[in-house]
Amino acid sequence: MNGVAECPMLLLVQADIDGELDAGRAADLLQHRADCPECQAAYADLLMLRDRLREPALREAAPESLRQFLRAQSAPQPPVRHTEPRVIRPARWRANAGLAAGLALAAGLALAVYRPTGPDMVALVIDDHVRALQAGHLEDVVSTDRHTVKPWFEGKLDFAPPVKDLADRQYPLTGGRLDVMNGRPIAVLVYRRGTHPINLLVWPAAEQGDADAVTENRNGFTTIRWRQHGLTLWAVSDVEQAQLEEFVRLWRATP
Amino acid sequence: MSGPSSQPSFEAVVLPYLDAGYNLARWLVRDRGDAEDVVQEALVRALTYFPSFRGTNPRGWFLQIVRNAAYASMSLSRGIPGAELPDEDALADPADDPEAALIRRRGRTDLARHIARLEVELRETLILREFEDLSYKEIAQITGAPIGTVMSRLWRARRMLALAIRREEQDA
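As you go down the protein sequences, you meet chains A and B in turn.
Residue numbers 1 to 255, in our numbering, belong to the letters of the first sequence in order.
Residue numbers 1001 to 1172, in our numbering, belong to the letters of the second sequence in order.
Because the hints were derived from the structure by calculation, they are not lab data.
Only a predicted model underlies this, so the values are computations on that prediction, with no experimental measurement involved.
Ideal Cβ placement from N, Cα and C applies to all residues, glycine included.
Every clue listed holds true.
Stretch by stretch, here's where chain B covers chain A in the computed footprint (C-beta under 8 Å, at least three residues):
1. 7 to 18
2. 48 to 59
3. 65 to 74
Examples of chain B residues lying across from chain A (beta carbon under 8 Å, computed):
4. Ser1009
5. Glu1011
6. Leu1015
7. Leu1018
8. Tyr1022
9. Glu1036
10. Leu1043
11. Leu1047
12. Leu1111
13. Trp1155
14. Arg1158
15. Leu1161
16. Ala1162
My request is simple: use the sequences and hints to build the entire structure.
Structure follows, in structure tokens:
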């Protein structure tokens, strides 16, 4: 299968092995091969190689985690998915805040209608995270500077989310966005650990006082929720749990 | 996101090709963890494109998305020292008992190493043909290369592997 001047029929020998030749050309080739040592050698090599490549160890099944991810992805969606969460997405917020607010309110009403009995907050938070990834739209305001991100939220929310940067601790801020959760606009701060995004969802707490962090895992995602500064905060990501816990610890400790 | 009930679900369409997608990703990025990230990314993309998927050739459709996600991941890691070196452990059989089948395994991992060292265009063409049994036309569609290019890449990949095997057998 080497040499400078190769037989022009070699690619046909290969095509024959791959079942890409019609019967007529295969018959012609068989005739040629009888007289061509080079094509005979190539044919033998190709058969040998095919046999070696049958080795099962060269193939590997997908890990269970990917099956779970696929299942979680295609689980029956609650009707809330059909209220087109993307209508409240950024471009329209910027283009027409009034219209967007109306749509957000409509989406909120739809949420309220579809979730009359206490929402599964873990699922909602993970949905929000996945939706942002699917839409390829994590940030409405893209900036690693908290002095840009914080003012961006002003006038869009009835509270001021604390924007902290943890870049020197390996969790750089990359931006923020607005979402709707249970019918109210919320702030989402976007951080990164390596290539993995971490979403930090923030809204005013319904209960009084601070609350310690509670971790919950589902479908390969980790969520950590706590109360601080009169706000409810949810961190959600697919980073390892220990990393998300470290992120939350650093975030809470940063003034 | 989910269509009318008469249409197959996203999971039903993709699940039969999940192993194929993972295998392709693993041979392209040559690392199990990275391959898992690539397929996860591909699943997210595939779900986004699913409403416009026409239902013909789901395998080619999904493998093309995996392939593109793998290339995106490789272009991200380009420039990182060592990122292009094959993780040979990721290509060996983890379940194999090292004592029991040393010689057999050695031949096998050598072959895995030879495949891993092929240029990525040759490697993907070989994997799609030999492991996924795809036609030249399907490979051309997935890789965006003309059929003639598919044939010559396949030929070069096989020639290099056959030479490497012959050389080893002579050394042994």
